[in-house]
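Visitor: Using the sequences provided together with the hints, build the complete structure.
Residue numbers (our numbering), protein chains in the order written: chain P, 1 to 542; chain G, 1 to 337.
There could be a bad hint or two in this list.
Estimated spans, in silico, between C-beta atoms of each pair [said to hold, decoys possible]:
no.: 1; chain 1: P; residue 1: 505; chain 2: G; residue 2: 7; range: 47 to 55 Å
no.: 2; chain 1: P; residue 1: 15; chain 2: G; residue 2: 200; range: 39 to 47 Å
no.: 3; chain 1: G; residue 1: 7; chain 2: P; residue 2: 479; range: 50 to 58 Å
no.: 4; chain 1: G; residue 1: 304; chain 2: P; residue 2: 228; range: 39 to 47 Å
no.: 5; chain 1: G; residue 1: 130; chain 2: P; residue 2: 139; range: 47 to 55 Å
no.: 6; chain 1: G; residue 1: 174; chain 2: P; residue 2: 15; range: 53 to 61 Å
Just so you know, these hints were derived from the structure itself, not from any lab.
Quick caveat, the model's predicted, so the values are computed rather than measured.
Even glycine gets a Cβ: it sits at the ideal position worked out from N, Cα and C.
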Amino acid sequence: MAAPKPDQTAYYDPARLLRVDHRPPAGVWPGTPARFEPGGYLHPAKPKNLEALGLPHAHAWSPTDEDWQLPPDWQRIVLEGMRARIARSRTLQLFMDNCVRCGACAKRCPFFLGSGDPKNMPVLRAELLRSVYRRHFTLAGRLMGEMVGARELTPAVLKEWFKYFFQCTECRRCAVFCPQGIDTAEITMLARELLLLLGLSVNWVLEPAANCHRTGNHLGIQPHAFKDSLEFLADELAEITGVRVQVPINRKGAEILFVTPSGDLLADPGTYTAMGYLALFHEIGLDYTFSTYASEGGNFGLFASVELMKKLNAKIYAEARRLGVKWILGGECGHMWRVMHQYMDTLNGPADFLEVPSSPVTGTRFERARSTKMVHIAEFSADLLAHGKLRLDPARNAAVCATFHDSCNPARAMGLLDEPRAVLRAACPRFFEMAADTIRERTLCCGGGAGLGADENMEVRLRGGMPRGREVARVRDAHGVNTLVTICAIDRATLTTVCDFWAPPVRVAGLHELVGNALVMKGEKERTENLRHEPLEPEAGG
Amino acid sequence: MRRGWWIRHAGGSLAAVLLLAAIPLVGAGLLGLRAPFALGVPALALAFFVVGASLRVARWMRAPVPFRIPVTTGQQAFLPWIRRSRLGSPRSALDAVARVGVDVLLFRPLLRRAPTVPAGHGELGADRVPWLWLLAALFHGSLAVIALHHLCLFVTPVPTWLATLAAADAWLELGTPRLHLTGAALLVAIAGLLARRLLLPRLRYVSLAADYFPLWLLAAIGVTGLMMRHFTGVDLAAVRTLLRTSASLAAVVPPELDPVFLLHLFLVGVLLVYFPLSKLMHMPGALMSPTLGLGNTSREVRHVNPYNPRVEPRSYAEYEAEFRERMVEAGLPVTEE
Numbered sequence: 001m002a003a004p005k006p007d008q009t010a011y012y013d014p015a016r017l018l019r020v021d022h023r024p025p026a027g028v029w030p031g032t033p034a035r036f037e038p039g040g041y042l043h044p045a046k047p048k049n050l051e052a053l054g055l056p057h058a059h060a061w062s063p064t065d066e067d068w069q070l071p072p073d074w075q076r077i078v079l080e081g082m083r084a085r086i087a088r089s090r091t092l093q094l095f096m097d098n099c100v101r102c103g104a105c106a107k108r109c110p111f112f113l114g115s116g117d118p119k120n121m122p123v124l125r126a127e128l129l130r131s132v133y134r135r136h137f138t139l140a141g142r143l144m145g146e147m148v149g150a151r152e153l154t155p156a157v158l159k160e161w162f163k164y165f166f167q168c169t170e171c172r173r174c175a176v177f178c179p180q181g182i183d184t185a186e187i188t189m190l191a192r193e194l195l196l197l198l199g200l201s202v203n204w205v206l207e208p209a210a211n212c213h214r215t216g217n218h219l220g221i222q223p224h225a226f227k228d229s230l231e232f233l234a235d236e237l238a239e240i241t242g243v244r245v246q247v248p249i250n251r252k253g254a255e256i257l258f259v260t261p262s263g264d265l266l267a268d269p270g271t272y273t274a275m276g277y278l279a280l281f282h283e284i285g286l287d288y289t290f291s292t293y294a295s296e297g298g299n300f301g302l303f304a305s306v307e308l309m310k311k312l313n314a315k316i317y318a319e320a321r322r323l324g325v326k327w328i329l330g331g332e333c334g335h336m337w338r339v340m341h342q343y344m345d346t347l348n349g350p351a352d353f354l355e356v357p358s359s360p361v362t363g364t365r366f367e368r369a370r371s372t373k374m375v376h377i378a379e380f381s382a383d384l385l386a387h388g389k390l391r392l393d394p395a396r397n398a399a400v401c402a403t404f405h406d407s408c409n410p411a412r413a414m415g416l417l418d419e420p421r422a423v424l425r426a427a428c429p430r431f432f433e434m435a436a437d438t439i440r441e442r443t444l445c446c447g448g449g450a451g452l453g454a455d456e457n458m459e460v461r462l463r464g465g466m467p468r469g470r471e472v473a474r475v476r477d478a479h480g481v482n483t484l485v486t487i488c489a490i491d492r493a494t495l496t497t498v499c500d501f502w503a504p505p506v507r508v509a510g511l512h513e514l515v516g517n518a519l520v521m522k523g524e525k526e527r528t529e530n531l532r533h534e535p536l537e538p539e540a541g542g
Numbered sequence: 001m002r003r004g005w006w007i008r009h010a011g012g013s014l015a016a017v018l019l020l021a022a023i024p025l026v027g028a029g030l031l032g033l034r035a036p037f038a039l040g041v042p043a044l045a046l047a048f049f050v051v052g053a054s055l056r057v058a059r060w061m062r063a064p065v066p067f068r069i070p071v072t073t074g075q076q077a078f079l080p081w082i083r084r085s086r087l088g089s090p091r092s093a094l095d096a097v098a099r100v101g102v103d104v105l106l107f108r109p110l111l112r113r114a115p116t117v118p119a120g121h122g123e124l125g126a127d128r129v130p131w132l133w134l135l136a137a138l139f140h141g142s143l144a145v146i147a148l149h150h151l152c153l154f155v156t157p158v159p160t161w162l163a164t165l166a167a168a169d170a171w172l173e174l175g176t177p178r179l180h181l182t183g184a185a186l187l188v189a190i191a192g193l194l195a196r197r198l199l200l201p202r203l204r205y206v207s208l209a210a211d212y213f214p215l216w217l218l219a220a221i222g223v224t225g226l227m228m229r230h231f232t233g234v235d236l237a238a239v240r241t242l243l244r245t246s247a248s249l250a251a252v253v254p255p256e257l258d259p260v261f262l263l264h265l266f267l268v269g270v271l272l273v274y275f276p277l278s279k280l281m282h283m284p285g286a287l288m289s290p291t292l293g294l295g296n297t298s299r300e301v302r303h304v305n306p307y308n309p310r311v312e313p314r315s316y317a318e319y320e321a322e323f324r325e326r327m328v329e330a331g332l333p334v335t336e337e
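Guide: See the structure below:
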């Protein structure tokens, strides 16, 4: 057997990763250059992906190169980009001007907890950018230099930005502990936009974005294959339940457009969640359609620039208009819902051609989504359950002992906390919460969101996921938890890695996978298997 | 190098405060330039503060908030039967104002616990005592009360509520005149905040002269204030005369004003000048924070960004043109046959 490589979890020894030294290293932070070690950084974006998206300065380079092949006027590009973006945003001005460096955020960042690298303290991560802002845009910075934390923009600073702004998942946990509400996600987004102006981004972000631009989804699934994937899931479902569900695609005149991350159609364990959707929609007789043109709920543009986020997101409303639906239902996904909830209406609205969403089954009018016209599947299902419109048999999930991981975006950008719990309690008999300071608004990080979910940066992911993984291990030992339920497609991929490493054999499931297991369907055969084709018997040997 | 950093920043800022303190001692004390230090410098400093702070706030106000991005720290209002958190997920303007009040004025985020012990990082602390909250509350609270006490110098007769506040602040009845507890509390808080910065390695690593300087400066202002009240004494009648006449052309600089008062006044002037140029602007700035002050109504009310970029997606027509054959083969509906 070949020796494991840094992009594989087997390369890492949990005991070694756990020995984190949180004391800062010798030397001063402005003079400590960023180092790029195997397992610690993401691959640069391939020029073809930048070109496909019409982005400037596409070129081949590597973080480990001494010379990053910057355009000759790179300093002007970055400073002008910074000036324009900050001038147009009160949010950024406040976050640049007002931090008092109280340090309340420092030990809240999962990446600092897991790595001990002081530049992963949110305060210092932001100072990497603020120092340049001060030097070039403030009087105090020009006059006082280092004393007020101002420094020149140099290639070494760019390298630091690339390293540390791609060790932030924009999870906003720090913002919850900041007495001024300074949101590092905004600062990370600014830094990534500035790097992108020089053609510096990561392939894990830009390849999905380029795919999504062309084919409608991150994975690059073409329309016929998209249909195949869904029909494969319908076949599976028929085999397990005895019920043949229809999968409407690109159907004009449907009442509802359903949008969900494409990852859930292709990769386990997301596929089980997707089967749960199909079963649910069939059972309640929902008049809906998938779209191939808008076949992606997620938006990797969010991890690159506002323009790219808008470009990809615009397809959703465009497709809703083309198909003539009344409103949009969104699947389980984290950053997708950051975009849908906080950005979509501003970027691509107003959606005045749609109607205020209302449940065709319960009649509930979702007034709180009356402008954006988009409802979250957990909200929709919680409403169905509250009206007694779903028959669930939780005993079918008797083998599951669940805990719930609040995904960062639904928790801290929406406040979607109790809806998924209401659904989970109805579908699953055994459910234990993790510690209060690691759930809800204080939830921890999966370690791989915001474009960090690749393999080549595995050490970064395992460290960022360490606090979550350790807490999962604790509830595993304390309560026998064997399943981590989450409403995010990125979580389903990244937390699987985190749990395998830090808390085996806990596995990851979507909320609607458990709903699909428990759903009593008209005309179904006697269920002997869950959606994973595993026998339903409660306990091992039971 | 590691030691060099904090000596430069903590020591340099202390030296700066001491050097600044020497200016009025030399200027007013040795050279006898009393009028410039009693009237000119404070007036200029005040003008600089008012104009500088207003310009900064105006610059913030002029810039639009691009997106409605509150950080939600509680259950949203969506389904009527799920109890929502008014402060964690504000909906109305009143909710949002209450949230800013509680989060910014009462430092609620500093009370949130997240012990790192269960996660295996015990050395980072168990969050049993919210030290930073205590220091922040003590520091800002005593500053606010001390500022109110100074109103007594400007208004005669002293209103009842101010007299009551002063009496309450002196309830320990120590010394003559009675010690204001806030005066002592301010110095304790400053000592605590300085100690944090100097003793916590990770905080020392990020702290700048810009962080130490206001603490040293406020300590100097506090010490000179306490000195006047309790040790060197100050001719309050003379101070009132100065303040009352300072706004007029016939300003009087009473000869009884002592050097400690002029030093105190000068340091307050330095603070006023430093304020608009520095992080001290977080006082108005924190109240404007969009992550705290905006309601979580992003799906309910459209938020408009005047600089919304003009970007078009790949059109459906272009998409269908590329994939039409395969779509037809797969039996997917297409627009053009």
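Visitor: A separate judgement is required for each hint: does it hold in the structure or not?
Guide: So, going through the hints one by one against the coordinates:
1. A C-beta distance of roughly 52 Å is found between residue 505 of chain P and residue 7 of chain G, which places it inside the suggested range of 47 to 55 Å.
2. Distance hint check: the CB atoms of residue 15 of chain P and residue 200 of chain G are about 27 Å apart, inconsistent with the given range 39 to 47 Å.
3. As the Cβ distance of residue 7 of chain G to residue 479 of chain P is approximately 51 Å, the hint placing it in 50 to 58 Å holds.
4. Range check, residue 304 of chain G to residue 228 of chain P: Cβ separation about 42 Å, and the 39 to 47 Å hint holds.
5. For the pair residue 130 of chain G and residue 139 of chain P, the beta carbons lie near 36 Å from each other, so the given range of 47 to 55 Å is not met.
6. Here the CB-CB span from residue 174 of chain G to residue 15 of chain P is close to 57 Å, well matched to the stated 53 to 61 Å.
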